[in-house]
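S.K.: Can you make the complete structure from the sequences, with help from the hints?
Okay, here's what each chain looks like letter by letter:
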Amino acid sequence: MYFGIWAVLLLCTYITYKAAFIELGRFNAAVALGIATLKATLVALFFMHVWHASEKLTKLVVIAALFFLLLLLGLTMTDYATRPWS
Amino acid sequence: MPQPERENYLNKEYGVWSWLLTTDHKRIALLYLISITFFFFIGGFFALLIRLELLTPAGDLVQADTYNKLFTMHGMVMVFFFLIPSIPAVLGNFLVPLMVGAKDLAFPRINLLSWYLYIIGGVMMMHCMLTGGVDTGWTFYAPFSTSFTNTKIVEAGLAIFVAGFSSILTGLNFVVTIHRMRAPGMTWSRLPLFIWAHYATSIIQLLGTPVIAVTIVLVAAERALHLGIFDPKLGGDPLLFQHLFWFYSHPAVYIMILPAMGVVTEIIACFSRKRIFGYSFVAFSSIAIAVFGFLVWAHHMFVAGISVYSALVFSFLSYAVALPSAIKVFNWTATLYKGSIHYDAPMLYAFGFLGLFTMGGLTGLFLAALGIDVHVTDTYFVVAHFHYIMVGGAVMGYLGGMHFWWPKISGRLYPEGWARLAALIVFIGFNLTFFPQFILGYMGMPRRYYDYSHMPEFQVLNVLSTAGATVLGVGYLLPMLYFLWSMRYGKPAPDNPWNAAGLEWKTSSPPPTFNFDEEPVVTWEAYNYDELDAPQKEEVPVAR
Amino acid sequence: MLNNFPLWPQQASTIASHVDALYIFLLIVTGMMALLIFVCLIYFAARFRHRPGVRAEQIEGSTALEITWSAIPFLIFMVIFAWGAAVYFRERIPPADATEVYVVAKQWMWKVEHAEGQREINELHVPVGRDVKLIMTSQDVIHSFYIPAFRIKQDVLPGRYTVEWFRATKPGVYHLFCAEYCGTQHSGMVGDIVVQEPAQYEAWINGGSTGPLSATGEKVFSELGCSTCHRTDAQGRGPNLQGVFGKPVQLEDGRTVTADENYVRECILDPGAKRVKGFQPIMPTFQGLVSEEQVNALVAYIKSISATKPGDASEKSKSSASAAAPAQSNAQPNGSQVQ
Amino acid sequence: MPDSTVAGLHRQEQHHPELLHHFAEPQQQRDAASLGMWVFLATEIMFFGGLFCAYLVYRRWYFPDFAAASKSINATLGATNTAVLICSSLTVVLAVWAAQTARRTLLISMLGITMLLGLVFLGIKADEYYDKFEEHHVPGASFSFDNVPIPGHPGEFANPRHAQIFFTLYFVMTGLHALHMIIGLGIFLWLLTMAWKGRFTPEWHTPVEIGGLYWHFVDIVWIYLFPLLYLIDRHP
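Residue numbers (numbering that gives the first Met the number 0), protein chains in the order written: chain A, 0 to 85; chain B, 0 to 543; chain C, 0 to 338; chain D, 0 to 235.
The set of hints was computed from the structure by calculation and includes no laboratory data.
Where a beta carbon is used, it is the ideal one built from N, C-alpha and C, also for glycine.
Among the hints, erroneous ones may be present.
As a list, the in silico DSS-like pairs of lysine-lysine whose alpha-carbon atoms are at most 30 Å apart [what the hints assert, rightly or not]:
{"id": "1", "chain 1": "D", "residue 1": "LYS124", "chain 2": "A", "residue 2": "LYS17"}
{"id": "2", "chain 1": "C", "residue 1": "LYS169", "chain 2": "B", "residue 2": "LYS232"}
{"id": "3", "chain 1": "D", "residue 1": "LYS70", "chain 2": "C", "residue 2": "LYS273"}
{"id": "4", "chain 1": "C", "residue 1": "LYS105", "chain 2": "B", "residue 2": "LYS11"}
{"id": "5", "chain 1": "B", "residue 1": "LYS11", "chain 2": "C", "residue 2": "LYS169"}
{"id": "6", "chain 1": "B", "residue 1": "LYS151", "chain 2": "C", "residue 2": "LYS105"}
{"id": "7", "chain 1": "B", "residue 1": "LYS232", "chain 2": "C", "residue 2": "LYS273"}
{"id": "8", "chain 1": "C", "residue 1": "LYS110", "chain 2": "B", "residue 2": "LYS68"}
{"id": "9", "chain 1": "C", "residue 1": "LYS105", "chain 2": "B", "residue 2": "LYS68"}
{"id": "10", "chain 1": "C", "residue 1": "LYS273", "chain 2": "B", "residue 2": "LYS68"}
{"id": "11", "chain 1": "C", "residue 1": "LYS132", "chain 2": "C", "residue 2": "LYS246"}
{"id": "12", "chain 1": "A", "residue 1": "LYS17", "chain 2": "D", "residue 2": "LYS196"}
{"id": "13", "chain 1": "D", "residue 1": "LYS70", "chain 2": "B", "residue 2": "LYS232"}
{"id": "14", "chain 1": "D", "residue 1": "LYS131", "chain 2": "B", "residue 2": "LYS232"}
{"id": "15", "chain 1": "D", "residue 1": "LYS70", "chain 2": "C", "residue 2": "LYS276"}
{"id": "16", "chain 1": "C", "residue 1": "LYS132", "chain 2": "B", "residue 2": "LYS232"}
Chain A side only, calculated, beta carbon under 10 Å to chain D, not exhaustive [what the hints assert, rightly or not]:
{"id": "17", "residue": "CYS11"}
{"id": "18", "residue": "LEU23"}
{"id": "19", "residue": "ALA28"}
{"id": "20", "residue": "VAL30"}
{"id": "21", "residue": "VAL42"}
{"id": "22", "residue": "HIS48"}
{"id": "23", "residue": "VAL61"}
{"id": "24", "residue": "LEU71"}
{"id": "25", "residue": "THR77"}
{"id": "26", "residue": "THR81"}
Restraint-style ranges between C-beta atoms, simulated for each label pair [as the list claims (entries may be wrong)]:
{"id": "27", "chain 1": "C", "residue 1": "ILE281", "chain 2": "B", "residue 2": "TYR308", "range": "30 to 38 Å"}
{"id": "28", "chain 1": "D", "residue 1": "PRO153", "chain 2": "A", "residue 2": "ALA6", "range": "39 to 47 Å"}
{"id": "29", "chain 1": "A", "residue 1": "GLY33", "chain 2": "B", "residue 2": "TYR308", "range": "39 to 47 Å"}
{"id": "30", "chain 1": "A", "residue 1": "LEU65", "chain 2": "D", "residue 2": "LEU118", "range": "25 to 33 Å"}
{"id": "31", "chain 1": "C", "residue 1": "LEU26", "chain 2": "A", "residue 2": "LEU56", "range": "41 to 49 Å"}
{"id": "32", "chain 1": "B", "residue 1": "LEU129", "chain 2": "C", "residue 2": "ILE281", "range": "54 to 62 Å"}
{"id": "33", "chain 1": "B", "residue 1": "GLN62", "chain 2": "C", "residue 2": "GLU122", "range": "25 to 33 Å"}
M.R.: If you want it as structure tokens, here you go:
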């Protein structure tokens, strides 16, 4: 299974790399970040064994950390996205 | 008690190395106690000089530059080297394993490492102070700090960076210990609320501190290489610095106050001989404070140039974080109802905490109201408000906790009469110092002014405040003196002088190196004062 | 000393009474909350003090009570929040026809330029009863323009404009403070706000002036050679700037921005960032070549050629000043006049 | 670190030599270590989070300049490095599996290959840094980014001040990432010596597990850094 995940990850890297050279407008960033998130999720779930973690606690820690990261980014953006002049 | 002393963590080994290389959480707590007391008096000395300068409107005691360094170093020392470590690193370190029934924290060597990091940070800070200091205010706002001042920003930043890692490691140790090291039977709902408060504190330490660490890295890089992350001359945004800074530094206030809330909860339960009113509400309000604490940071920036809509969001969220604090105050008050209240010194400190914290919390409502904040932000109103929380609240809690657990820590009783006197002096001195500052603030006196000869009408209130500060200084010196005195001359303490609930009182005073002679098994609920007071008709041995 | 011992700041702007009303409301509400808590604390502490033989009564808690004492404060908080936000919006959003004054902060002084061309340092003269809008920027670090008697404060940032406005209600001299710590002489960065009756103010503003700010701007505009590209016909290599100010502008990258003070400023200092659709990126940056004062003058000039009634700005303000009677003067008699 | 107190506690019957005195049983110790590492990684997420926040703000403000600056770094090298790290994650996970199933030789070789891949990564990184140094793209006194066209906008050039912000973030982010790699290499060197001495058993191989968690985390950070820094606006 590990080799399967590994192959998928390499494939994703290749797709990210190639997709960056295609004109997709706004979607370039979306594709790049979407694939990055997919890769990160695969690594976390399978290589870091979150999927098979015996406890919910590990999952809780991961979710909590991501939640606070989004808080930092999201609430900062309430300022930057609504400044009238930027 | 004439019999030879039992072996405990204090007398098991002697010698410098047995302390400096110890991994015993209780000894590390004492190392922290000594170091933070040192920094407390350094910071207090700066505060006294600040107050003396403000006795007269003209700048006549020190130079403007010196004054700016004084309040900067006062802030940095008090925040990063006293308040943030204070209760967690001393009382928390000592008590968390005892309260959950563990032999030590989960990572004893990381615990020692955390103290060393603190000391390294502290030495760097001392070196920075002795060789010139910093004059930016503890907030070191860009671009003043990155491009204009010529004081030792990078060194001070590095000191805070290192001390921050000490704080992270302490939080990490607590979280893992509370999750993994609880004794059999010690379920989450049986944990003392002190533990819940420390758990919540640890969350903030873990998730907030790294952000300021990386902010410091950026400031240092910008300063050293003349880059432009925050300097608008080079395309940066100074408000980004403020966002990143307050993302940590607002929750940091809860790092200071949450543990004090935990301490006060224990004291109130014990001295009113009652289970705490609304246990689960008090517990979850701690977690709520930790989480909501991260949602409100930009209320420090209402006039800084953020968008109006953003200010609206942050004002609203600030009221959300006020709620769990209010719930706690109501529950503490309700706990007293139909209690059997004793007035020992720790309880006096707890009462002091309740009064001052309530004042601090309520004045926070003024600051969160957008329209008023515009007028009072960056004035003495803010200074008074956060001192009511961080000194009136956190330091009162810290002193209350030191008295409450001193018999456990030192194995000696402190002199009760002196302790009550000190509590009274601190309370009066505190109010005399900081209450006038609310009025000064609404009058419009800006903070960080060294010379107010332009507005001599502010002098009366400033004189009151300075007078109060000297009283407060005496109030803080007293406990240190009689604690030291009691280590040698105090009466030996029984294992449970307050007849208090909680595992820490079930072991000897002072505890043995591994805390419990046999592994405790918990079969009772938290705060089982009905059981403690019921069966044996034995009079409560009160320490006098 | 005691006869010079005020406990309440003077009220000298229209916003001050709003802030004070909310403040008094908060004093009452929080006073009642504090009273409730302290009375309970003291009463319980006295009533339930330890008596030998009397045991504490164990009470587990009460969800109903918890919900009550969460919900009621929350509702009160929401009232405070809404009221505070209402006052804030009033403070933040300047009226459209306010008299504009440019403020440049630097370590450690305030430099003020009126549209009519008067310049002041650490002083600001304003007439009673007229809306005044301050357009502020800093040459170095962050400062904060704070007038306690008006209950207004706004940080002044380098690299962009921030704005605050007020309408003074009472003649007198009031404190001006820098409220954001800005370095060694921070506490020396103070000044006076001189509020005058309109007639006195007119005399002051017309005395010894060097001509309107927009005229200075026009001079800078031609000196720097701006007019060679920004021509008033459609042939220029840069956009025609007449009538542009305050209107939406289509940018090259598809966005639309409003041509406000910050936009004009950015176009001067960083022309590439928000280029107007259909024009080549040929304009050089003036970063470092123009002073803050010159930028302000340019902004004032570009504004003046967009005004509906192009001409002397002071004329316009004269007419509005006569219309504005001295506004409500419910200021506290409390407190002595500052020198 | 000498721990004189341990001796006194080991009076109890022989438990596992790696079980520290304050834990009741190996399972508890393992769980504590694993939770500790996860909590630490949460801290790390916030550490990089502050940088991502700064990145997000300036990328929105200065998108064309960021695109131009991003185009000047070598995406092929970046992609190669991503692949290298993904391979190293595979070897790490195999190392953990080898430790669990008591395959000492496999464990040692997997740890070794991981370190090798880590060194390859750092080598490529150093090469990139060298290029940037040559091109005067390192922020500071000698920084120069004049007349670099903005992708998709012929005739327009990036603002050097804004490009410098990009490069500052680039160097701080990749630099801190590289620092984490170096620390990771240190950890893996220690794991390798422990494995060499045969200290890991199916019952006790916690260091391999938590060292692995750390390595994967560093990999995940790179997975995000790669598209954010190298691939902002590449298409012609």
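S.K.: Run every hint past the structure and note whether it holds.
M.R.: Okay, the hints, checked on the actual structure:
Under the criterion of a C-alpha separation no larger than 30 Å, the hint pairing LYS124 (chain D) with LYS17 (chain A) is consistent with the structure, at around 21 Å. For the hint linking LYS169 (chain C) to LYS232 (chain B), the alpha-carbon distance of about 39 Å lies beyond 30 Å, and the restraint is violated. A distance of roughly 21 Å separates the Cα atoms of LYS70 (chain D) and LYS273 (chain C); the hinted pair therefore holds under the 30 Å criterion. For the suggested pair LYS105 (chain C) and LYS11 (chain B), the alpha carbons sit about 63 Å apart, so the restraint of at most 30 Å is broken.
For the given pair, LYS11 (chain B) sits about 76 Å from LYS169 (chain C) by alpha-carbon distance, which is inconsistent with the 30 Å threshold. Of the supplied pair hints, the one linking LYS151 (chain B) and LYS105 (chain C) holds, its CA atoms being roughly 23 Å apart against a limit of 30 Å. A threshold of 30 Å between alpha carbons decides the hint, and for LYS232 (chain B) with LYS273 (chain C) the separation of about 18 Å falls inside it, so the pair holds. Of the pairs offered as hints, the one joining LYS110 (chain C) and LYS68 (chain B) holds, with about 27 Å between alpha carbons and a cut-off of 30 Å not exceeded.
About 21 Å separates the Cα atoms of LYS105 (chain C) and LYS68 (chain B), which keeps this hinted pair within 30 Å; it holds. Annotation: proposed proximity of LYS273 (chain C) to LYS68 (chain B) is violated, straight-line Cα distance about 42 Å (limit 30 Å). Restraint check for LYS132 (chain C) and LYS246 (chain C): the C-alpha separation of about 19 Å stays at or below 30 Å, so the hint holds. Between LYS17 (chain A) and LYS196 (chain D) the CA atoms are separated by roughly 45 Å; this puts the pair beyond 30 Å, and the hint is violated.
Between LYS70 (chain D) and LYS232 (chain B) the CA atoms are separated by roughly 25 Å; this keeps the pair inside 30 Å, and the hint holds. With a CA separation close to 24 Å, the supplied pair LYS131 (chain D) and LYS232 (chain B) stays within the 30 Å bound. Taken as a hint, the LYS70 (chain D) and LYS276 (chain C) pair is honoured in the structure, with Cα atoms around 25 Å apart against an allowance of 30 Å. Restraint check for LYS132 (chain C) and LYS232 (chain B): the C-alpha separation of about 25 Å stays at or below 30 Å, so the hint holds.
The interface hint given for CYS11 (chain A) is met, as the beta carbon of that residue sits about 9 Å from the closest beta carbon of chain D, less than 10 Å. For LEU23 (chain A), the shortest C-beta to C-beta distance to chain D is roughly 8 Å, which falls under 10 Å, so the interface hint holds. Here the hint on ALA28 (chain A) is kept, as its CB sits about 8 Å from the closest CB of chain D, short of 10 Å. Look at VAL30 (chain A): its Cβ gets to within about 9 Å of chain D, closer than 10 Å, so that hint holds up.
Residue-level restraint check for VAL42 (chain A) holds (minimum Cβ-Cβ distance to chain D is 5 Å; threshold 10 Å). Interface restraint check: HIS48 (chain A) against chain D, minimum CB-CB distance 8 Å, threshold 10 Å, status holds. Interface hint at VAL61 (chain A): satisfied, since its Cβ lies 7 Å from the closest Cβ of chain D, which is below the 10 Å cut-off. Interface restraint check for LEU71 (chain A): the shortest CB-CB distance to chain D comes to about 5 Å, inside 10 Å, so the restraint holds.
Interface restraint check for THR77 (chain A): the shortest CB-CB distance to chain D comes to about 12 Å, outside 10 Å, so the restraint is violated. Annotation: THR81 (chain A) was flagged as interfacial toward chain D, and the flag is violated, the nearest CB pair being 12 Å apart, outside 10 Å. ILE281 (chain C) and TYR308 (chain B) have their C-beta atoms about 37 Å apart, which keeps the hinted 30 to 38 Å range intact. The hinted range of 39 to 47 Å is satisfied by PRO153 (chain D) and ALA6 (chain A), whose Cβ atoms lie roughly 40 Å apart.
Our hint of 39 to 47 Å for GLY33 (chain A) and TYR308 (chain B) is violated, since their Cβ atoms are close to 29 Å apart. Between LEU65 (chain A) and LEU118 (chain D) the beta carbons are some 31 Å apart, a value that agrees with the proposed interval 25 to 33 Å. Between LEU26 (chain C) and LEU56 (chain A) the beta carbons are some 47 Å apart, a value that agrees with the proposed interval 41 to 49 Å. At about 56 Å, the beta-carbon gap between LEU129 (chain B) and ILE281 (chain C) stays in the expected band of 54 to 62 Å.
For GLN62 (chain B) and GLU122 (chain C), the Cβ-Cβ distance of about 27 Å falls inside the hinted range of 25 to 33 Å, so the restraint holds.
Comparing the model with each earlier hint shows violations of hints 2, 4, 5, 10, 12, 25, 26, 29; every other hint is respected.
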